[in-house]
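Chain A is already provided as a structure; the job is to place chains B, C and D on it using the hints.
Residue numbers (our numbering), protein chains in the order written: chain A, 1 to 164; chain B, 1 to 107; chain C, 1 to 330; chain D, 1 to 93.
Be aware that a few hints might be false.
[Stated by the list, open to error] With a cut-off of at most 20 Å between alpha-carbon atoms, the simulated SDA-like pairs for lysine to any residue come out as follows:
| id | chain 1 | residue 1 | chain 2 | residue 2 |
| --- | --- | --- | --- | --- |
| 1 | A | Lys80 | B | Val53 |
| 2 | C | Lys107 | C | Gln128 |
| 3 | A | Lys80 | B | Ala14 |
| 4 | C | Lys296 | A | Pro32 |
| 5 | C | Lys296 | C | Val138 |
| 6 | C | Lys296 | C | Lys107 |
| 7 | A | Lys80 | B | Trp61 |
| 8 | C | Lys296 | A | Val111 |
| 9 | A | Lys163 | A | Asp84 |
It should be emphasised that the hints constitute simulated quantities derived from the structure, not laboratory data.
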Amino acid sequence: MLSGMKGYWYRFAALLLLLIAAWLLWSGIYTPLLLGLGALSCVLCLYLAHRIGFFVELFSARAILRLPRYWAWLLLEVVKSSLDVARIILNRKLPISPTVIEFDAAPDEPVGQVVLGNSITLSPGTVTLDVHNGRLRVHCLTREVADALLSGEFNRRAAELMKD
Amino acid sequence: MQSAVDVLSWILLAAGGAFVFVGGLGALRLPDFYTRMHAASLTDGMGTILILVGIMLQAGWSLAAIKLIAILVCLLLTSPTASYALANAALLSGVEPGNSRAGKAEN
Amino acid sequence: MVILFAVFLLTLLALTAVAIVRTENLFVAVMLTGIFSLLMAANFFVLDAADVALTEAAVGAGISTVLFLGALALTAEHERSVVSGRWLSMGIVVVTTLILIYATFDKPRLGDPRAPVHQHVAPWYLDQTPELIGIPNVVTAVLGSFRGYDTLGEVFVVVTACIGVLFILGVRRGGYSPSPDGDRLTTAGSGLRHHLIPKVVGRLLIPFIVLFGLYVLFHGEYGPGGGFQAGAIIATGIILYALLDGEAQALKAVPRPVLMGMVVGGATLYGAVGVAGIALGGSFLDYSVLADDPVKGQQLGILIIEVGVGLAVCGSLLSIFHAFAARGRH
Amino acid sequence: MYLVVSIAILITMALALVRALLGPSVYDRMLAVNMFGTKTVLLLSVIAFLYGRPDFLDLALAYALINFVGVLAVLEFFQSRSIRRAADRVDGG
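Excised from the complex, chain A in its bound form (with noise of 0.2 Å):
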């Protein structure tokens, strides 16, 4: 976990490359008129950013390398509960068994809740209600979801993706 002034400058400069790379992709022309703009809206936005407090934000610069294999794995996990949730809603039964779970969040810092709570929600299935203090309240549409989550292998993995 970078802090201070060090990870201020490393974040302030990842957003900029990022802004500068949105900018390329968005644009397509490369005349240099509209890179100066470019430039010019990149260096506005980096400003905003600034005043509006983005760099107070703290993550670990290494879970950006370790994201592609989290987003693999979510999307496996994606694909299984969505094809479990279409076969539910296709049966004619309905068999749900709506349940409310609570339980700790394994990530300390914001930035992992968030990335745990979101990909709760991702997965149909399971919505998160509420985060608060370090504690998700998840509701799942059957109880095998809910027993499935409570294993805890979505906070292993992203406990996992934000360490240092």
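Quick look at chains B, C and D alone, frame taken from chain A:
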């Protein structure tokens, strides 16, 4: 080679269309608000991924494909956030999260 | 097939419109208006009018819901039902509808090349744009140059509307000082800072929303987009910040004098380009004289007025938003 | 194939609209609006390719970026309303 990519992208698009439709059906069939959210997340997650990746394969390596990736990333960031905001708004206004037959499983 | 899509979307649109009129719960009406706007944008898009669709998207996706809810916070949630005069208004509506339907029989078919609209100035615009202005997006050429007067007028309409709203709702000096009656109401305006997920994701997206707005602004000559859309998108980005961290914080990040400067400066910039045209020996809003090459001059002029439009629209929308929010707080 | 997908999306839009009209609660309607938003993004992307105009993707990107602002506004609205109501209750006695 091209035809293999074509076939794959058609399969993805068809599957995406199917998931989107099933999600829409679920939003109608499921009994209460919180369970309907699951149907919505079915279309928002799986349907979106399949359809956008399917189009991406058709677009090939071009700026359009990159714009599609941007759209996909934005949607995958914003749609769970919107779901959270919605679920939380309902929770705040005292809509009880359901006929929880199992009760609360405390961890 | 285009017709089929358009008819389907229009049917949904009509259903939504009827539902909006029928519901007495204003909150429900706001929600349905969101669907209405999405359908409208999709409809424009299907009919190949990407510029208009983008405008609808920029305004309808975020700002209109936010402003409607801001207004709703100031009033009651249920509409008072009006009983008297129902049949009379019903009759008027039915008669008008029948007249309108009768009038459509004289209308040319959609996309008919012999339609009067395609015989008049439209072919001339299509012909002359590449030659006189040299940009791919004819819509921007028409709005920015050929019909620059109209767009100038529209900008002043937006500015006037902003002034009107500020007069009606009132602006307090130093807007973001905590309200006198205690902390309770201050927390009411403190936004979603206790909600981790919106806070982190929203803050991550704000720079990209603003960048996208600027991209739309500067690429109006090449693709769908331009000043109006850009102003609305950028304003949405800042309103998002206001939702996350509270309106007071947003006012600190983009203070009121800056907003006023954007409104006035944007409109003035547009007018100044016109005056510069006169000064350089052309006529008002004739950009050809702005550079040595008339085509370059046109492009430069359009770019500058788009920036002016964007500034004015963004400033106006944000001022209106803050006026609503401030009113709700007191 | 784009045609089939766009028809599936249109049908889903109609289903979401039914949900929005039926309600019953305001949250169900809000959910329908939300679904409608993502369906619009998908429809726009598909149609952009159906017409062979990939530069029109900007529109879909605009929706993808800013469509969730409305839902956040709803959350903020309910939050401040519940705080205001609690305050009124305290004031009232």
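Results of checking the hints against the structure:
Taking the CA atoms of Lys80(A) and Val53(B), the gap is about 18 Å. The hint holds against a cut of 20 Å. Taking the CA atoms of Lys107(C) and Gln128(C), the gap is about 27 Å. The hint is violated against a cut of 20 Å. A distance of roughly 18 Å separates the Cα atoms of Lys80(A) and Ala14(B); the hinted pair therefore holds under the 20 Å criterion. For a cut-off of 20 Å, the pair hint linking Lys296(C) to Pro32(A) stands: about 14 Å separates their Cα positions.
Our distance criterion of 20 Å between C-alpha atoms is met by Lys296(C) and Val138(C), whose separation comes to about 16 Å. Using a Cα cut-off of 20 Å, the hinted pair Lys296(C) and Lys107(C) is violated, with the two alpha carbons roughly 40 Å apart. At most 20 Å may separate the alpha-carbon atoms for a hinted pair to count; Lys80(A) and Trp61(B) exceed this at roughly 29 Å. As the CA atoms of Lys296(C) and Val111(A) are separated by approximately 48 Å, the hinted pair breaks the 20 Å bound.
Only pairs whose Cα atoms come within 20 Å are accepted, and Lys163(A) paired with Asp84(A) is rejected, the gap being roughly 31 Å.
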